[in-house]
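**Q** Position chains Y, Z and C relative to chain D; hints supplied.
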Amino acid sequence: MLIETAAYASRWRDVAPSAKALFAVAGIVASWLAQSPAALAALIAMLMLTALLAARVPLRSYIAIALPPLGFLLLSCLTMLFGPDENGHWHWTTAMLPTIQHTALRSLAMLAALLGLVLTTPLPHLLALLRRLRTPELLLDLMVLCYRMLFVLRQAWDESITAQTARLGYRNWRQAWRSTGLLAGQMAVQVWQRAAALQTAADARVYQGTLRFLPAIYPQAQRQQVIAALAGCVMLAIAVGDRL
Amino acid sequence: MHIMEGFLPPVHAVGWAAASLPFLAWGLRSIGRDLRAHPERRMLLGVAAAFAFLLSALKLPSVTGSCSHPTGVGLGAALFGPAAMVPVGFVVLLFQALLMAHGGLTTLGANVFSMAIVGPFVSYGVLRAAAGLGLSRSVSVFLAASLGDLATYVTTSVQLALAFPAAVGGFSVSFAKFAGIFALTQVPIAISEGLLTVLVVNAMVRF
Amino acid sequence: MSALLELRAVGHTYPDGSIGLQECSLVLQRGRRYALLGENGAGKTTVLQHLNGLLRPGAGTLHYDSQPFDYSRKGLTTLRSRVGLVFQNPDRQLFSALVEEDVSFGPLNLGLPDDEVRRRVATALDAVGLRAYGRRAAHQLSFGQKKRVCIAGVLAMEPEVLLLDEPMAGLDAPMQAELTALLDRLAACGVTIVLSTHDIDFALRWADDIHIMSAGRCIASGPAQQLAAQADTLRVAGQRPPAALALHAELVALGVLPAGQAPRSIDALLDQLRALKQSGVSTV
Amino acid sequence: MSALLELRAVGHTYPDGSIGLQECSLVLQRGRRYALLGENGAGKTTVLQHLNGLLRPGAGTLHYDSQPFDYSRKGLTTLRSRVGLVFQNPDRQLFSALVEEDVSFGPLNLGLPDDEVRRRVATALDAVGLRAYGRRAAHQLSFGQKKRVCIAGVLAMEPEVLLLDEPMAGLDAPMQAELTALLDRLAACGVTIVLSTHDIDFALRWADDIHIMSAGRCIASGPAQQLAAQADTLRVAGQRPPAALALHAELVALGVLPAGQAPRSIDALLDQLRALKQSGVSTV
Chain D
1 MLIETAAYAS RWRDVAPSAK ALFAVAGIVA SWLAQSPAAL AALIAMLMLT ALLAARVPLR
61 SYIAIALPPL GFLLLSCLTM LFGPDENGHW HWTTAMLPTI QHTALRSLAM LAALLGLVLT
121 TPLPHLLALL RRLRTPELLL DLMVLCYRML FVLRQAWDES ITAQTARLGY RNWRQAWRST
181 GLLAGQMAVQ VWQRAAALQT AADARVYQGT LRFLPAIYPQ AQRQQVIAAL AGCVMLAIAV
241 GDRL
Chain Y
245 MHIMEGFLPP VHAVGWAAAS LPFLAWGLRS IGRDLRAHPE RRMLLGVAAA FAFLLSALKL
305 PSVTGSCSHP TGVGLGAALF GPAAMVPVGF VVLLFQALLM AHGGLTTLGA NVFSMAIVGP
365 FVSYGVLRAA AGLGLSRSVS VFLAASLGDL ATYVTTSVQL ALAFPAAVGG FSVSFAKFAG
425 IFALTQVPIA ISEGLLTVLV VNAMVRF
Chain Z
452 MSALLELRAV GHTYPDGSIG LQECSLVLQR GRRYALLGEN GAGKTTVLQH LNGLLRPGAG
512 TLHYDSQPFD YSRKGLTTLR SRVGLVFQNP DRQLFSALVE EDVSFGPLNL GLPDDEVRRR
572 VATALDAVGL RAYGRRAAHQ LSFGQKKRVC IAGVLAMEPE VLLLDEPMAG LDAPMQAELT
632 ALLDRLAACG VTIVLSTHDI DFALRWADDI HIMSAGRCIA SGPAQQLAAQ ADTLRVAGQR
692 PPAALALHAE LVALGVLPAG QAPRSIDALL DQLRALKQSG VSTV
Chain C
736 MSALLELRAV GHTYPDGSIG LQECSLVLQR GRRYALLGEN GAGKTTVLQH LNGLLRPGAG
796 TLHYDSQPFD YSRKGLTTLR SRVGLVFQNP DRQLFSALVE EDVSFGPLNL GLPDDEVRRR
856 VATALDAVGL RAYGRRAAHQ LSFGQKKRVC IAGVLAMEPE VLLLDEPMAG LDAPMQAELT
916 ALLDRLAACG VTIVLSTHDI DFALRWADDI HIMSAGRCIA SGPAQQLAAQ ADTLRVAGQR
976 PPAALALHAE LVALGVLPAG QAPRSIDALL DQLRALKQSG VSTV
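Chains as they are written, first to last, in the numbering used here: chain D, 1 to 244; chain Y, 245 to 451; chain Z, 452 to 735; chain C, 736 to 1019.
So here's chain D without its partners, still in its complex pose (with noise of 0.2 Å):
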């Protein structure tokens, strides 16, 4: 997951997180505000120069994580540049051209207000944030166990796909599918047993019920959500300037 890999990498790493939402939730807010293509386009670029060039996210890996919404983006805009006229012949067209060019701009501008705030805050730290926030607990819960599970399952997972293709178990597409197939199944079954590993090992700490862990301190918060609601405070002044 080269997202979690570039958080855990990045020099804004131990920023307050609340002070990197703020300034996402501000790109965010802005982008829907914002009418003309050149305000979008501002937006765009100070997001994503902010990513870029002050939190240092190396760009193959900014590249490499927005190829795929970019796909979506293609293929969605493609689809409504095409269509029937009057007399119901489809063809290229240009009458939403208009709504696509806003579209895409406000999804990049988006999009880029998203990966800023991903790349580089590793996501225990925006499930803090989330607690802090009073998330519902057993969301919480649930996403806290996901998080941890994910890469213990994951590792599991990978290391039974090697032995399964030392086994041969990949030779071919026929194979391939049997092999996944008993794997998931014997993984769905494993997803009771870890369960109640990790209830046995709560209840040995005195498990309450509800998974209760220590909020971080951050000891610069002040100053960074200061800093971060300035910056907001452009972005919101670009487009709501746009508008009047």
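Calculated from the structure, these hints are not laboratory results. Incorrect hints may appear among the rest.
[Said to hold, decoys possible] Mimicking DMTMM-like on lysine to aspartate or glutamate, the simulated pairs with C-alpha atoms at most 20 Å apart in a straight line are:
| id | chain 1 | residue 1 | chain 2 | residue 2 |
| --- | --- | --- | --- | --- |
| 1 | Z | K525 | Z | E611 |
| 2 | C | K881 | C | E836 |
| 3 | C | K1012 | Z | E701 |
| 4 | Z | K525 | Z | E609 |
| 5 | Z | K525 | D | D203 |
| 6 | Z | K597 | D | E159 |
| 7 | C | K1012 | C | D1002 |
| 8 | Z | K728 | C | E985 |
| 9 | Z | K597 | C | E985 |
| 10 | C | K881 | D | E159 |
[To be verified] Pair ranges (Cβ atoms, derived):
| id | chain 1 | residue 1 | chain 2 | residue 2 | range |
| --- | --- | --- | --- | --- | --- |
| 11 | D | Q208 | C | T968 | 32 to 42 Å |
| 12 | Z | D683 | C | G995 | 28 to 38 Å |
| 13 | D | Q193 | Z | G468 | 30 to 40 Å |
| 14 | Z | S469 | D | Q208 | 25 to 35 Å |
| 15 | Z | P564 | C | G864 | 33 to 43 Å |
Where a beta carbon is used, it is the ideal one built from N, C-alpha and C, also for glycine.
**A** The following block gives chains Y, Z and C in isolation, referenced to the frame of chain D:
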């Protein structure tokens, strides 16, 4: 197929979020009640969510180049009931947005509606109907998983068509276009999903 | 001296019908280092889970502080906060994302104030030598580091008794030496340590007392050196005599070494031989 | 004699950037028993996965039957059917509900006819002593039994070379003895065996030849007894000298034992001492 970050206009994004919220609240309440009787279910759903995420990030043989697909949601609906799958699906979709940039935060509501609400409910309904008709286990599991998957993608096409009606022909033409384009990837995925779920369920009942 | 923890004729049958323990009795005194020695499947893990209240005896009783334990909610909280258990597989007991979060889980469950929890987390991570890793994610650590995080998670509850299930399994020699040093430091602080192992050489080298398990029973208990010399008892438990004792006995029989206290490890035996060489009392 | 398998200056970097192997060269001859000795992380598993074609060298080459290996689809199928690999953790390589189904996985993938598969499964289960367990559920077996099922699953492909990753990890003494006996039987049938271990005592006791790994390199190769005596090389690889050799050296220095071929295990040393005692040549 997840709708990417920022693709939906604000009204639609907020609208779909508002539509999903009651289901999420209902799902949480339903799990909460269940947890009072079976506290160990909390861990179970957490691990199940991780497993669903893992399967959704999986590249299946024969469907190269496809990105994420809702594998496991149909299976989960059969095992835990559709209500529990709303919060689990929510977590999986949030993680896909945050860890893989598949989908997004502003489109989370719309994606939750198609993938964590419509998908599981259709799967569950098909499973019940198939049981009523007395179909074999493999057939009913295949139908449940693949129809749940198809329903998800039809819902996504509806969401896109509502947001971007065609200049000529409006919603119905736009729906036809989106559904047609995405069918190229989604129909093979739905079939794979059905096949894999059958293999998984057959392997599970033997353990 | 009174017993800290005691199993009296405890029997336990698992829900699937397999027998975990049968008439198993053993006593743990405060401040000693115990090894539970036995083959795989002899019931070592089951004993540890009884000592921490995770399993409840089907027959017999658990005595804690010389009182029969009552298994009330409050009693269990007290027992588990004072008797910490570290499981064998880290991936089945670490559930939170960040190291320090996981370590804070136990103390928070005890209802301690945040400051106190923070202090304990720092102390526990210091103790296992992972202070700098607090903000790392668990999946970024090596196997040996994860194992130490598990131990820190239990230490943060400041238990009097530390139970460890096969702590040396999967560790190579340098990591084993590191972990042994950590256990020695904890024992020096007065923590009672009980670990399970199937390695008799390690048990003899490390423990004050050994409890030998076989087929769900504790078939013998006593000081390590005394017990390790009882070849018959060991054979019943599927154990061969420890190498250090066997060699010492032969060398005594050959007159190379004087009769007396046997060494507890091959290294100690080597030291004896080297001392002999240097003292010039060569047998040639 | 020509090499069966050979790594020539192989380098391998994992996708996460960590270095698996660096200029690693080693040769395996037909019919011998090899131990790959090294600490955790020294690159033992990476070597085994190269020998079986699971990993591809980033630099250098794998030679098979004295030819550079070509990594074609067909070549990989042949290599993996002739060089079987048993992984460390049985739970990661058993995926079928029943033991015999799991063992049949490899032969079925080879595309053999059903009769032949049935014959091979029976033979492989016989070889590991689990004939009676074919219809049992794999997850109900003990750890040691699971390990043997994994070996049967590879044996059923009738490989010429058997690679085992840390086969003794997690096994208690009786199970280790059983597995050693099984490996001895296979070696006697002409199977070339390569196992990885971090236990130098075991490597010396069991192997004909040892390859010592350290930090992704094979830093020394040679006959077990010769290599095990090179204290300097061992120290680089984080290994202490084997107990049997160290004791033998001290006893020779003390004049208790005659100089000469050192024993390969503590048991062999004990036998020497007992023989000495019975021959009446007591040193007293």
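**Q** Look at each hint and say if it fits the structure.
**A** We went through each hint and held it up to the structure:
At roughly 17 Å between alpha-carbon atoms, Z/K525 and Z/E611 fall within 20 Å of each other, so this suggested pair holds. In summary, the hint linking C/K881 to C/E836 is supported, as the alpha carbons are separated by about 13 Å, within the 20 Å threshold. Distance restraint check for C/K1012 and Z/E701: the Cα-Cα separation of roughly 8 Å lies within the 20 Å cut-off, and the hinted pair is therefore satisfied. Our distance criterion of 20 Å between C-alpha atoms is met by Z/K525 and Z/E609, whose separation comes to about 18 Å.
Distance check on the hinted pair: Z/K525 and D/D203 sit about 13 Å apart at the alpha-carbon level, within 20 Å; holds. At most 20 Å may separate the alpha-carbon atoms for a hinted pair to count; Z/K597 and D/E159 meet this at roughly 19 Å. Distance hint between C/K1012 and C/D1002 is fulfilled; the C-alpha atoms sit about 15 Å from each other, no more than 20 Å. Restraint check: the Cα-Cα separation between Z/K728 and C/E985 comes to about 8 Å, which is no more than 20 Å; the hinted pair holds.
As the CA atoms of Z/K597 and C/E985 are separated by approximately 39 Å, the hinted pair breaks the 20 Å bound. As the CA atoms of C/K881 and D/E159 are separated by approximately 17 Å, the hinted pair is consistent with the 20 Å bound. Checking the proposed 32 to 42 Å range against D/Q208 and C/T968 shows it is violated: the Cβ atoms sit about 54 Å from each other. Separation of Z/D683 from C/G995 is about 35 Å and conforms to the stated range, judged on CB atoms against 28 to 38 Å.
At roughly 18 Å, the beta-carbon separation of D/Q193 and Z/G468 lies outside the given 30 to 40 Å, and the hint is violated. Separated by about 31 Å at the C-beta atoms, Z/S469 and D/Q208 satisfy the suggested range of 25 to 35 Å. The hinted window of 33 to 43 Å between Z/P564 and C/G864 is violated, with their beta carbons roughly 59 Å apart.
The structure does not agree with the numbered hints 9, 11, 13 and 15 stated previously, though it agrees with the rest.
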